[in-house]
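Chains as they are written, first to last, in our numbering: chain A, 1 to 270; chain B, 1 to 358.
Warning: the hint list may mix true and false statements.
[To be verified] Think about it this way: if two alpha-carbon atoms lie no more than 27 Å apart in a straight line, the pair counts; the simulated DSSO-like pairs of lysine-lysine are:
#, chain 1, residue 1, chain 2, residue 2
1, A, K87, B, K129
2, A, K245, A, K87
3, A, K147, A, K136
4, B, K350, A, K173
5, A, K82, A, K36
6, A, K147, B, K231
7, A, K162, B, K350
8, B, K231, A, K87
9, B, K231, A, K136
10, A, K5, A, K82
Worth flagging that the hints you see were computed from the coordinates, not collected in a lab.
Here are the chains, one letter per residue:
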Amino acid sequence: MKDLKGYVTADGRQIGGVLMEMRNITLKFGGVVAIKDISFDVREGEVRAIIGPNGAGKSSMLNIISGFYTPSEGEVWYKGEKRPPMKPYEVARQGVARTFQNIALFEGMTVLDNIMTGRLTHMNAGLVSQAMWWGKARDEEIANREKVEEVIDFLEIQNIRKTPVGRLPYGLKKRVELARALAAEPSILLLDEPMAGMNVEEKEDMSRFILDVNDEFGTTIALIEHDMGVVMDISDRVVVMDYGKKIGDGTPDEVRNNQDVIDAYLGVQH
Amino acid sequence: MLYRTAGQFKTSYTADQALFPIRQDAYLLGIILIFAWVVFPLTASEFTFQTLLIPILIYSLAAMGLNILTGYAGQLSLGTAAFMGVGAYACYKMVTIMPWMNPVVAILLSGVFSAGVGVAFGIPSLRIKGFYLAIATLAAQFFLVWLFEKWAWLYNYNASGAIQVPNLKMFGVYIAGPQADSMIQYFVVLGIVTLLTLLCINLTRGNLGRTWKATRDMDIAAELIGINLMKSKLTAFMVSSYVVGVAGALFVFMWRGAAEPNLFDIPLSFRILFIAIIGGLGSIMGNYLGAILIVGLPVMLNTLPQTLGIPISSAMVEHLNIMIIGSLIIFFLIIEPHGLARLWALIREKLIIWPFPY
Ligand SMILES: Nc1ncnc2c1ncn2[C@@H]1O[C@H](COP(=O)(O)OP(=O)(O)O)[C@@H](O)[C@H]1O
Ligand SMILES: [Mg+2]
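Next comes chain B alone, as it looks inside the complex (with noise of 0.2 Å):
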């Protein structure tokens, strides 16, 4: 009863390509979106901020970069984590370059820098598909991580070779730096994340979208059908990288605060597949679900014993987290493929015809 579509016709076709077709599915949004904008801000510690909200954002948001580019148009990338860099590092050299840049549109733009490169590394996938594509990318990875090590301009010679982020004013207040505000930043975040988040769905569900599911499902049709692989390719990588470089510049500018070029190698990139794939490659909703899992757990595993009483060490909590993830990927690898959000569309499925199952 909860999904009763019963009563809601359709009576043209505009209405039928609506956001949300059924009406239940745009109250959950309202709810979440009134969680988001109000009721987490209105509530949330300093901890919850930097350990729950601001961080699971911010990687759905990469893992939504990714799914693009793997869950939509198929081209498996291992390389993530260095094209958020190449986002943060744009951003590093924008707001130092030009202080007096809105430091919203610094981050914005630095997405146009990581789609540059990655239009120019997803030329091998033309070629090559699959496992070699995925080993081509990870050449980016290292080959970036390394410019990132080695070229000093891009961390303005600092000693440390880290970037430091400064503080960052808009609007007379602090965004971006040591004396931001967690709040500030967290609306900062979600404004760009829900902006992005809904010009991803827009693009999957339209004649883009098509294209890349039509490249990712069968390309030797695609092409006969009138799809110019060599496009529909590139422009997935463009508009991929160009979603995760914004991550990146996220990541560091409203959330760690600064960042060695380390940071950026493999085990994020694999972070992010993980989350793309727990939460469901080809969805866009998958990603939060995804994100909040990945995150969310070892602060669950850090905390729920604790208030439980039970003692636990926190290398204890490491391997448990570490044991739980790679069960969920091996499960969701073999069982599900399509990840929670799958999981989500089945019960969902359900609900709309219970309690009469025919």
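Only chain A is shown next, with the shape it has when bound in the complex (with noise of 0.2 Å):
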């Protein structure tokens, strides 16, 4: 089913190259090891879940794909490049975006200022130009608020624009925090448990959204998740970590009929 160039999903859409390659990674805190010797793939245009029991390693990988952790040993494969040690900024620049387990919205921020913030990768107009408002500074202004409509459009966020962040009800954060981060319109797009804490009718409306994103933009998603309901819906491939290990890698059923998995992380869990 799956090959070097790529495969076609169970519900027909093509699925293309490697995008981003973890190659034998080693994460330590002092004597914690947090993973061990883990490897896989993200492919471009996939939807590539991550799940295990909390404490997993989960989160520690997604800040080892933003840059946020550097790792022990093992090495990061971007576009077909290896990636050299970098900051976080630097990792943001190359378009991967990402949004938080602990929803990190900027609380002091308007909901149209925050997702600007996510634009901010595009706009480099000079200090003289945003001084003056003039200009490039203008004109990026202009452009990238189109831009950021767009996203405010699409995840139907429109009343709240100019409502302080702070204000908003946590389910509505999470979708800011979303918007956010499609507004930088990443190659990749990272979330950390996207729906802990929601209802099932918001769990519902982040699940299409995410599926939007995906269909209308092509956006490649990597995505940690809690419950496993969701996971087999809206992926098309998982990796299952256990105690900072690898058990197991492949599509929902694959996984689900694992048996390390039913062991260590569905029999226990459900």
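Hey, can you piece these two chains together into the complex? The hints should help.
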């Protein structure tokens, strides 16, 4: 079913070549081994899930991809090249955007401004131009505002544009955070438990948005999720982690029937 | 009804991004500008220029500079006065070394020196935050004032150790020094303060402003969405110190007329910090409100009881002033950290929906 060139999903979408590859990643915090020799890849256009019990090392894995943690061993390959050590902001500028397990919005700013910050990797007018609100700065401000409005329409948050994010309920905050990441027009979107703490209805909305993002913009998505039902529904391939080790990798069906996974995760948790 | 927004629809993002999306705000600003540029100059006495108008403008500017750093970028500084000093001494050196230089150009250029010094002292902010950064800026404060005292070249080896503003002309008119007229000085200050306010408004509402606010609100998330924290913090130090430095040059050249090193000591730093806090951190307009209050209060305490025939000693005025300012600081820090500007925003919000609250 899968080959070097990609594969076709059950619902008929063409998945491309490898976009990001983690090779033999090990991560230690002092004596604690959070991730032990894990390899997996994420392909162009795919919805890739990482699942596993609490403390399995999933968030740490995303933090490595973001450049926030440096792996003790192993390599990150991105767009066919081995990635040198770089700062998180440089990683972001290469087209990696993300959301956080604990919402990390800028509380003192409006929804609109928060989402506009997602565009700042696309803006580079100089200080003088910005101070005068003239020329390049003004053009950029308008062009990027248009992009942001597209995202706002897409995620159906028009009516809270000017609201300070501090005043929003939890579910909407999660959506605004997704909007900020989407506004960056990333090559790969990392979502850390986008549905945690949501009710069923909110989860359905969020699942739909994630699928729509993947469908309409062709954005590659790597997501961490706890809710097995959701994961099985929306992802193309799943990595299963437990105690920092990879214990399963494959389509939702393959993973569901993997005995290690059943023992370690499904059996224990459900 | 005063703040009616009905019928004001935005048809483009450009319109929505205009400085005043609500028309009444533009009217209000228009009225303020007319007062500042026409009514006050025509009616103000020498006393009003010297005790209210000129200092309010200069203090507003200094607080605006601090606000960029502390209110917008979230980097607390206790060294504002020292950076004002850098601006003042730079201006003094320029006009004494190059007497032919246009004084307004010299004032605007003096900010470049304070900006450079500000960036140098901002480097610790890359490693330390909050309380520890505040202490580091305090070190800058002590060091710079010490330098103003010990480096005799700065004050041209005057026996007094102070700098004396010479008579300076622009277009044949004295604008600084003992010969200068208060009204002219007021216009120079007003022009520079208006210009820098406009630039600061633009910077804070655009990409750089969002970068600063993101750094302030959550630096880790800011970095993960692509913000170079070093650049963000150092530009904040640069812009802030520039504005503060120009305010310092105005402070000495357009108002005090002379300065000793200890003028730029901690009390002045705190005074400006109080203006920013009472006015509202993260607001441009708040700096004006804060400065009006801090500069105006003692003047009012002095004159009001007199006009009402209540006998009050000047020591009493001093004590009252300190008590009121102190309680205001506590009030704003605890109850309304966004200061007078936030109170105004609330009133404005109420006016927009008044008289139908739903
Ligand atoms: N910054 C850190 N310092 C020390 N230990 C950490 C750090 N981040 C994560 N860990 C540890 O790594 C392990 C994996 O954590 P995490 O990646 O958050 O798991 P998950 O997201 O799968 O729940 C946990 O044991 C956690 O305590
Ligand atoms: Mg996690």
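Check your understanding: Between K82/A and K36/A, is the straight-line Cα distance small enough, at 27 Å or below?
Key -> holds (20 Å)
Check your understanding: Straight-line Cα separation of K147/A and K136/A no greater than 27 Å?
Key -> holds (16 Å)
Review point. Are the Cα positions of K231/B and K136/A separated by 27 Å at most?
Key: holds (20 Å)
**Study point:** Restraint status (C-alpha distance of K245/A to K87/A at most 27 Å)
**Key:** holds (26 Å)
Check your understanding: Under the criterion that the straight-line Cα-Cα distance not exceed 27 Å, is the pair K147/A, K231/B satisfied?
Key -> With a Cα-Cα distance of about 25 Å, the restraint between K147/A and K231/B holds, given a limit of 27 Å.
Review point. Holds or violated: are the alpha carbons of K350/B and K173/A at most 27 Å from each other?
Key: holds (26 Å)
Check your understanding: Regarding the pair K231/B and K87/A, is the alpha-carbon distance no greater than 27 Å?
Key -> Satisfied, since the Cα-Cα distance of roughly 13 Å is no more than 27 Å.
**Study point:** Holds or violated: K87/A to K129/B, with C-alpha atoms at most 27 Å apart
**Key:** Holds, at roughly 19 Å.
Review point. Do the alpha carbons of K5/A and K82/A lie within 27 Å of each other, as the hint requires?
Key: Satisfied, since the Cα-Cα distance of roughly 19 Å is no more than 27 Å.
Exercise for review: Assess, step by step, whether the Cα of K162/A is no farther than 27 Å from the Cα of K350/B, and give holds or violated.
Suggested key: The given pair, whose Cα atoms are some 16 Å apart, holds under the 27 Å limit.
Checked against the numbered hints given earlier, this structure breaks none of them.
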